[in-house]
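The sequence shown lines up with residues 1 to 517 when you count with full-length UniProt numbering.
There's no promise every hint is true.
Unchecked claim - Taking lysine to any residue pairs in the SDA-like style, the calculated list, with each CA pair at most 25 Å apart, reads:
#: 1; residue 1: 419; residue 2: 388
#: 2; residue 1: 517; residue 2: 481
#: 3; residue 1: 339; residue 2: 328
#: 4; residue 1: 339; residue 2: 319
#: 5; residue 1: 517; residue 2: 483
#: 6; residue 1: 504; residue 2: 470
#: 7; residue 1: 339; residue 2: 397
As the list claims (entries may be wrong) - Distance windows between CB atoms, simulated:
#: 8; residue 1: 289; residue 2: 239; range: 19 to 27 Å
#: 9; residue 1: 329; residue 2: 389; range: 20 to 28 Å
#: 10; residue 1: 329; residue 2: 203; range: 29 to 37 Å
#: 11; residue 1: 389; residue 2: 409; range: 20 to 28 Å
If you are wondering where the hints come from, they were derived from the structure by calculation, not from laboratory data.
The structure presented is a predicted model; accordingly, all values stated were derived computationally and were not measured.
Think of the CB as a built atom: it goes at the ideal place given N, C-alpha and C, for glycine as much as any other residue.
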Amino acid sequence: MNFFRKKTSKAPQQASAVTELIAAIADGDAERIRSLVAAGADIHAEDEDGVSAFEHAAMSGNTEVITSLFSSGAWEPFGDEPEDEELTPRQELAEAVLEGDLERVRRLLAEGASPNEADGLGMTAVHLAALVSGTSVLRELLQAGGNANARNEAGETPLFMAETGDAVRVLVAAGADANARNEYGLTPLFSAPSGDVIRALVEAGAKVNARDGLGETPLHRAANADCVQALLALGADVAARSELGRTPLHRSDGEADPEVARALLAAGIDVNACDQCGNTPLHMVTVPEYAAVLLEAGADLHALNDMGETPLHRNDEWQSADMARLLLKAGAEVNTRNKLGRTPLHDAFDAELTQVLLEAGADVNARDNEGLTPLHQEGCVERVRALIAAGADVHARDKSGNTPLHAYLLIGCARELLKAGAEVNARNGEGCTPLHMAIAAGMVRVLLAAGADVRARDEAGCTPLHNAYDCAVARLLLEAGADINARDKDGDTPLSYARLRHRKEVARLLRKSGARK
1 MNFFRKKTSK
11 APQQASAVTE
21 LIAAIADGDA
31 ERIRSLVAAG
41 ADIHAEDEDG
51 VSAFEHAAMS
61 GNTEVITSLF
71 SSGAWEPFGD
81 EPEDEELTPR
91 QELAEAVLEG
101 DLERVRRLLA
111 EGASPNEADG
121 LGMTAVHLAA
131 LVSGTSVLRE
141 LLQAGGNANA
151 RNEAGETPLF
161 MAETGDAVRV
171 LVAAGADANA
181 RNEYGLTPLF
191 SAPSGDVIRA
201 LVEAGAKVNA
211 RDGLGETPLH
221 RAANADCVQA
231 LLALGADVAA
241 RSELGRTPLH
251 RSDGEADPEV
261 ARALLAAGID
271 VNACDQCGNT
281 PLHMVTVPEY
291 AAVLLEAGAD
301 LHALNDMGET
311 PLHRNDEWQS
321 ADMARLLLKA
331 GAEVNTRNKL
341 GRTPLHDAFD
351 AELTQVLLEA
361 GADVNARDNE
371 GLTPLHQEGC
381 VERVRALIAA
391 GADVHARDKS
401 GNTPLHAYLL
411 IGCARELLKA
421 GAEVNARNGE
431 GCTPLHMAIA
441 AGMVRVLLAA
451 GADVRARDEA
461 GCTPLHNAYD
471 CAVARLLLEA
481 GADINARDKD
491 GDTPLSYARL
501 RHRKEVARLL
511 RKSGARK
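When you get a sec, could you build the whole thing from the sequences and use the hints?
Below you can see the structure in the form of structure tokens.
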């Protein structure tokens, strides 16, 4: 199999297909990768930064992902030779290493291929061997002068790539530093994929409670329960805190493993430990299955962080309907207010999450400290419809007198408000109508079609034309009958405003349309 020559038979891929393949690599989803490739996804395509699928896979350190690409004929980056050109010695050696072809590796080394020549990512044959080959290939490279401490662009040595304890031992015997740090301050122990690798690294002197730049230990980053158990057995501090005060149980990534939580809890970690912002692990979690384990262990549903937020409030950061269902089923209070007076519904911008909260009894007209209701917070059209259907007041005013229509930027959402009876010429505390505040031509059209008063004046005597940000808006207002020479209370016209605010194109349009100085 040739991993290096670019195949030219496939048509260029759409950007979305490239994104989907690279996303599958980032997710470590080998089955999805194989499925996408089988469906015609171009394994040679690059993302907008010019990074190929191979590069993403190589830097992930996920053997299954890399194998799934290789089995589909993926090519190594920076080897973009036409089909009829010879591979360089470095490329041939890398290919032989990736295939685990010991005899070919020996032949290439004997012919002068260097085990230390790096590709564009700084990856040498030794890095690749630690990642995907058996120890025989790795030993051969090291015996031929391969550098066990070579660093790639991320500052990672081959030990960071090691997939087995045996690979670790071979590298250490060749002088690899078990406590080497990459450019992020991580040692190989932070990225160890298994207990086997962890034990081998610690045997070689790796510090089990080493700290990275954020004050996290390897236990904070343990990939799975096997890693957790190995680290704990070797003396890892289960109560270690990062600089933000987070314990190993505080996990906010989408890959949080429920079995990791169980292993940490079995070791006595505090399920309700607070970080420096008052967040418990339940405040941080994004994976419902992980949250369920925390709840089984007694996590406090009603715990408040420094902002007065419950875990249900914090879920608004993830916009997860499934997480909300879990928390509500466990007894979370749907109308708790944080220090800003906001309920979880105020910041639920996802339509499904909004519906879940409403069905649980969320107060659709709850007001925060500024008088804002959930309807004042613009989201998708479906969210607006759900709020209106649940009885949201389209005429509600905040402390500045703004209705939801004053606040909206999205045309579809504004239309829903108008269909529900929102007053198109409602004035806020400064006398502004929604048309005064509209900055996009599309919104101006919608408001004008609904009967907006193009000559309405605010408390300063300004008309919407005084506020026109661009020519499209100014032209629409003029066509609708705006007074081009209207003066505010200081005697300034729309032309004066355009000049003062350096809107040269608007000023030019107004002059051509008859504006007086």
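Earlier hints that do not hold, by number:
10
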